[in-house]
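Given chain A, put chain B in place with the hints provided.
The residues making up each chain are set out below.
Number of protein chains: 2
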Amino acid sequence: MRTSIATVSLSGSLTEKLTAASRAGFEGVEIFENDLLASPLPPREIRARCADLGLSIDLYQPVRDIEAVPADEFARNLRRARHKFALMRELGADTVLVCSSVSPAAIDDDALAAEQLGHLATLAQDFGIRVAYEALAWGRYVSTYDHAWRIVEAAGHPALGTCLDSFHILSRGSDPKGIEDIPGEKIFFLQLADAPLLAMDVLQWSRHYRCFPGQGGFDVAGLVRHVLRTGYDGPLSLEVFNDVFRQAEAGPTAVDAHRSLLVLQEAVGAGELPPPVVPTGIAFAELVTPDAEPVSALLGALGFARTARHRSKPVDLWERGEARILLNTGPAVRRDGTGLAAIGLESPDPRAAARRAEALLAPVLPRRRAPEDVPLAAVAAPDGTELFFCATGRDPEHPDWRADFAETPDEPGTPAARIDHLALVQPWHQYDEATLFHRSVLGLRAQESVDVADPYGLLRSRAVTNADGSVRIALGVGAAPADDTLHAQHIALAVEDVVAAARAFRAAGGRLLPIPANYHDDLAARYEFADGELDTYRDLGILYDRDAGGVFRHCYTRTVGRVFFELVQRDPGYRGYGAQNAPVRLAAQHAGR
Amino acid sequence: MRTSIATVSLSGSLTEKLTAASRAGFEGVEIFENDLLASPLPPREIRARCADLGLSIDLYQPVRDIEAVPADEFARNLRRARHKFALMRELGADTVLVCSSVSPAAIDDDALAAEQLGHLATLAQDFGIRVAYEALAWGRYVSTYDHAWRIVEAAGHPALGTCLDSFHILSRGSDPKGIEDIPGEKIFFLQLADAPLLAMDVLQWSRHYRCFPGQGGFDVAGLVRHVLRTGYDGPLSLEVFNDVFRQAEAGPTAVDAHRSLLVLQEAVGAGELPPPVVPTGIAFAELVTPDAEPVSALLGALGFARTARHRSKPVDLWERGEARILLNTGPAVRRDGTGLAAIGLESPDPRAAARRAEALLAPVLPRRRAPEDVPLAAVAAPDGTELFFCATGRDPEHPDWRADFAETPDEPGTPAARIDHLALVQPWHQYDEATLFHRSVLGLRAQESVDVADPYGLLRSRAVTNADGSVRIALGVGAAPADDTLHAQHIALAVEDVVAAARAFRAAGGRLLPIPANYHDDLAARYEFADGELDTYRDLGILYDRDAGGVFRHCYTRTVGRVFFELVQRDPGYRGYGAQNAPVRLAAQHAGR
Numbered sequence: 000m001r002t003s004i005a006t007v008s009l010s011g012s013l014t015e016k017l018t019a020a021s022r023a024g025f026e027g028v029e030i031f032e033n034d035l036l037a038s039p040l041p042p043r044e045i046r047a048r049c050a051d052l053g054l055s056i057d058l059y060q061p062v063r064d065i066e067a068v069p070a071d072e073f074a075r076n077l078r079r080a081r082h083k084f085a086l087m088r089e090l091g092a093d094t095v096l097v098c099s100s101v102s103p104a105a106i107d108d109d110a111l112a113a114e115q116l117g118h119l120a121t122l123a124q125d126f127g128i129r130v131a132y133e134a135l136a137w138g139r140y141v142s143t144y145d146h147a148w149r150i151v152e153a154a155g156h157p158a159l160g161t162c163l164d165s166f167h168i169l170s171r172g173s174d175p176k177g178i179e180d181i182p183g184e185k186i187f188f189l190q191l192a193d194a195p196l197l198a199m200d201v202l203q204w205s206r207h208y209r210c211f212p213g214q215g216g217f218d219v220a221g222l223v224r225h226v227l228r229t230g231y232d233g234p235l236s237l238e239v240f241n242d243v244f245r246q247a248e249a250g251p252t253a254v255d256a257h258r259s260l261l262v263l264q265e266a267v268g269a270g271e272l273p274p275p276v277v278p279t280g281i282a283f284a285e286l287v288t289p290d291a292e293p294v295s296a297l298l299g300a301l302g303f304a305r306t307a308r309h310r311s312k313p314v315d316l317w318e319r320g321e322a323r324i325l326l327n328t329g330p331a332v333r334r335d336g337t338g339l340a341a342i343g344l345e346s347p348d349p350r351a352a353a354r355r356a357e358a359l360l361a362p363v364l365p366r367r368r369a370p371e372d373v374p375l376a377a378v379a380a381p382d383g384t385e386l387f388f389c390a391t392g393r394d395p396e397h398p399d400w401r402a403d404f405a406e407t408p409d410e411p412g413t414p415a416a417r418i419d420h421l422a423l424v425q426p427w428h429q430y431d432e433a434t435l436f437h438r439s440v441l442g443l444r445a446q447e448s449v450d451v452a453d454p455y456g457l458l459r460s461r462a463v464t465n466a467d468g469s470v471r472i473a474l475g476v477g478a479a480p481a482d483d484t485l486h487a488q489h490i491a492l493a494v495e496d497v498v499a500a501a502r503a504f505r506a507a508g509g510r511l512l513p514i515p516a517n518y519h520d521d522l523a524a525r526y527e528f529a530d531g532e533l534d535t536y537r538d539l540g541i542l543y544d545r546d547a548g549g550v551f552r553h554c555y556t557r558t559v560g561r562v563f564f565e566l567v568q569r570d571p572g573y574r575g576y577g578a579q580n581a582p583v584r585l586a587a588q589h590a591g592r
Numbered sequence: 000m001r002t003s004i005a006t007v008s009l010s011g012s013l014t015e016k017l018t019a020a021s022r023a024g025f026e027g028v029e030i031f032e033n034d035l036l037a038s039p040l041p042p043r044e045i046r047a048r049c050a051d052l053g054l055s056i057d058l059y060q061p062v063r064d065i066e067a068v069p070a071d072e073f074a075r076n077l078r079r080a081r082h083k084f085a086l087m088r089e090l091g092a093d094t095v096l097v098c099s100s101v102s103p104a105a106i107d108d109d110a111l112a113a114e115q116l117g118h119l120a121t122l123a124q125d126f127g128i129r130v131a132y133e134a135l136a137w138g139r140y141v142s143t144y145d146h147a148w149r150i151v152e153a154a155g156h157p158a159l160g161t162c163l164d165s166f167h168i169l170s171r172g173s174d175p176k177g178i179e180d181i182p183g184e185k186i187f188f189l190q191l192a193d194a195p196l197l198a199m200d201v202l203q204w205s206r207h208y209r210c211f212p213g214q215g216g217f218d219v220a221g222l223v224r225h226v227l228r229t230g231y232d233g234p235l236s237l238e239v240f241n242d243v244f245r246q247a248e249a250g251p252t253a254v255d256a257h258r259s260l261l262v263l264q265e266a267v268g269a270g271e272l273p274p275p276v277v278p279t280g281i282a283f284a285e286l287v288t289p290d291a292e293p294v295s296a297l298l299g300a301l302g303f304a305r306t307a308r309h310r311s312k313p314v315d316l317w318e319r320g321e322a323r324i325l326l327n328t329g330p331a332v333r334r335d336g337t338g339l340a341a342i343g344l345e346s347p348d349p350r351a352a353a354r355r356a357e358a359l360l361a362p363v364l365p366r367r368r369a370p371e372d373v374p375l376a377a378v379a380a381p382d383g384t385e386l387f388f389c390a391t392g393r394d395p396e397h398p399d400w401r402a403d404f405a406e407t408p409d410e411p412g413t414p415a416a417r418i419d420h421l422a423l424v425q426p427w428h429q430y431d432e433a434t435l436f437h438r439s440v441l442g443l444r445a446q447e448s449v450d451v452a453d454p455y456g457l458l459r460s461r462a463v464t465n466a467d468g469s470v471r472i473a474l475g476v477g478a479a480p481a482d483d484t485l486h487a488q489h490i491a492l493a494v495e496d497v498v499a500a501a502r503a504f505r506a507a508g509g510r511l512l513p514i515p516a517n518y519h520d521d522l523a524a525r526y527e528f529a530d531g532e533l534d535t536y537r538d539l540g541i542l543y544d545r546d547a548g549g550v551f552r553h554c555y556t557r558t559v560g561r562v563f564f565e566l567v568q569r570d571p572g573y574r575g576y577g578a579q580n581a582p583v584r585l586a587a588q589h590a591g592r
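In order, the protein sequences belong to chains A and B.
With the first letter of the first sequence counted as 1, position 110 gets the number 109 in numbering that gives the first Met the number 0; the numbers rise by one all the way through.
With the first letter of the second sequence counted as 1, position 230 gets the number 229 in numbering that gives the first Met the number 0; the numbers rise by one all the way through.
If we strip away everything but chain A, and leave its shape as in the complex, we get (with noise of 0.2 Å):
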């Protein structure tokens, strides 16, 4: 299907946003209001960009308080529409928005509305122009979809048909099931939006919190499924309010709408895309620094051991039973310092789960990084982060990217660990991107989203999922965009027993997180514990949570960088990730900055 973007879902002038929106693939646009206004280029040369970018200008939007008016409003309205035809005809657009009034002045009387809007049809249809008219969830009278599909029928005109929004319809509650007695054409256009579910004043709601499909609570394919069965063929468009996406950067917002727009056909059967591959492991995480030695450190008092070495390249395979990390310390690391650049995910078919990425629009690395080296299919997620789809030594088809590693004398440190999960620092504005990312574009599962309190802010984070568990990854994110207050970004092993890990972590001279005295006086008020029990959390520094499925006890090594480890004994039935203990721990590293 063709798809298509208001302008007013993308930040920057109206020529940054054309730009956006072609280079993401989109194939029209509706123009909003506004945005032509600010512009310094005339209709005619906004025309030929489009034309020029591959746009057509699918919707001029919004005509406003036309329709139930006493006669000489009507009069004026009709001049001023007049007006934005012939405007329109220099845009070469054919299609306008009217929007269910919201005057004082409107009359609660249908028969007056279609007499109205069945002139200024006759208007439009004198320049060309299809009249498309939409229920504003909050319009004074109008305010469903069959409310103004009632009174498009009843014109009977056929230059005047009904636009319908998925916000205006799902925020109501209203059931998408009776779109199916419209006709197909006579929907003249579709708009698409989901929101997260706030009870809240709706037009608030609508101005500041829509998002893109797929990133909110909206059943929005379930919309869309019925608006096809009525033989509906126009552009699926995405009208998008929304106060971050106002400040974002306009390209990666276009990416990020037309992703959730190949999402939403795969939905609803319309897409040609790849299945998903789900990854079934972490095969490694890969840090950069431009120091090896406090990393090396690190790792080594985690028990892990060096076991291979690049061929080619500064790059060391560290393990400690099936976990694995890459140590990067060549040049092309990042600027910023230590931190967590790549994650191998174990593929049962690395090159189609690389397919798939593609046609979502994840920018596809190099598949080698030097001649030498294994090719490996890869994809850059939307905070950076390089991800690889490997097949670790299980499958003759599939490069084993350890081939490109030289083993070392060294065994794999002991006693097994594995990644317990991988979190993630995302840029202020790309939380529910990064959620709507990980879902389509690997087949992972987005649990809960949780509130953080940092002493210095308020963070989200919310942890995607394979089935069994073996890959989480936690996306976390600050409250605004000058936050430096994430200390997020970590690796979490999985062991037996945390306790020995911790000791044999200090006695190798690693550096555990203190954790307050406090929190520990708390634990004893909450829990009841094993004589000793208690001493030694408080004396390593472990925290403690129980949820039905069972107990989380983990803590931490001190940040190196911008990263840092957690030490995780988790029961197979919990859930979690100790959330109610994040403040602790960002309290702790805080004070220990």
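Just so you know, these hints were derived from the structure itself, not from any lab.
Careful, some of the hints might be misleading.
Quick partial rundown of chain A residues pointing at chain B, CB under 7 Å, derived from the structure [said to hold, decoys possible]: (1) H82; (2) Q246; (3) Y518; (4) L522; (5) Q579; (6) V583.
Taking CB as the label site, the calculated pair distances span [unchecked claim]: (7) R393(A) with D450(B): 54 to 60 Å; (8) A198(A) with R459(B): 22 to 28 Å; (9) R393(A) with D107(B): 34 to 40 Å; (10) P195(B) with D530(A): 51 to 57 Å; (11) T407(A) with R206(B): 51 to 57 Å; (12) E292(A) with G383(B): 43 to 49 Å; (13) D107(B) with R350(A): 58 to 64 Å; (14) E89(A) with Y526(B): 54 to 60 Å; (15) P103(A) with A351(B): 43 to 49 Å; (16) G268(B) with A516(A): 42 to 48 Å; (17) P195(B) with P414(A): 38 to 44 Å.
Which stretches of chain B does chain A cover? Using the computed rule of at least three CB atoms under 8 Å from a CB of chain A, they are [claimed, not checked]: (18) 31-39; (19) 454-462; (20) 547-557.
Idealized CB from N, CA, C, for every residue including glycine.
Same frame as chain A, now just chain B:
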């Protein structure tokens, strides 16, 4: 009355919070449990720290999910409470907040709740502690203050009273008059918070959007009046959960917080503030610049003449009619280039105005900048703008600031103009605080806040004015801390004829901000104009707005540094500032960069 603040209202570590509260003048604190748990200080040291800072610990909070549960669960809850009471004894806190249960285990049985709260109070009494039971607005069975009071009354225990919280009462729309039915000695505590009037889920509203009294939409003062009539003599204590305050620096937030309680006490007749002295005009605006030439050229083109020069400093006075601009090129000017640094406000009693400002915690500026200067009363606004209280050539008792200036041969510029309004840019987290400052310190009235779409983010703006409109200050703020889209700092000159003023400016070599033709095409669609009128506006970049009271015509100069000028022709009845044209102006400013 005593003032107190909950530690959750401020950002930082517990030590930082306590220090900020003490410095701002609070006499007590509520210790929020999570702040204690995350603190490395043991309770006895927290107690000592508070004592050193002159702070009492008025409340420990909260203990949750205690009452109306099966017996075995209540036994566990009592065990937990005993731990907390022992902790409070260490801390030296004698009142604990128990909020109504939200537990799924709770039973809808007031008699059981009263019985168990009675047991709890008996235990508390052993530790010298009083229990203050509060209804959370989203409590499972107890969610209104009168219901909580009925349970407390039924329990009839001397160590059990109620805690009132203005948010929980007013967010539910409960009538606070019923508070007067509670004996004052049974109101153990009073927590105060305001909030903007949002139609949203009350839990989310409470956790993220509370603000200080006078910053939101609740009648907090009305509620406090009811409480005082009961004979309550405990502290007025602020408990504010706010995402922005969590990120803002604790020091200024604490000052804003304490100011809100001073204003509140005045509103309920319990304060001792000097009365407000409302300014009656704008004496001058002071620009600072490292480079006098561009600003002088701009002032000259705007019809200003340099009429006087400061006797000892590199400050010139420029005048056009009643509009006066000081141009300061001294080395002490701000490093961030050309900007609006100070405002002279005409005051009926400058010294009294300064006394009120000081009582409301505004930093007082040195009365003389140099020994030979006329002593002037001045304070700093929260955004750093210096406010001078002046009695220009009016009152022999008060020195005239112009005495510092030696006249030059030039006559004031022509034709007459005056300052219509000044627009100031507020730090991101200081929008509501700035409004409260200008309302309370200067006695100005706040108009509605409006959202303005900038191409790169959403701005907000709100004007504060005196009754006759001779003082108008627009306070603007970006949508996020990193926002660099702010072109809002400006000086608007009221002229008799904006067309003539714009033409004269251009003829004198001034550069007007060009406005896109699309904007004027839209004006043609919306309004009818006399022949040629619109062409004139188009030519000069004049914008047009109309409300029920009249018409507003305005245009803009190019920006110099961080400041620009606006020329406005305002019909006397027009109340606004052309906000609906602001997106077009902002886009034009971005395009011209």
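**Request:** May I ask which of the numbered hints given earlier this structure violates, with the numbers listed in increasing order?
**Result:** Those not satisfied are hints 4, 5, 9, 14, 17 and 20.
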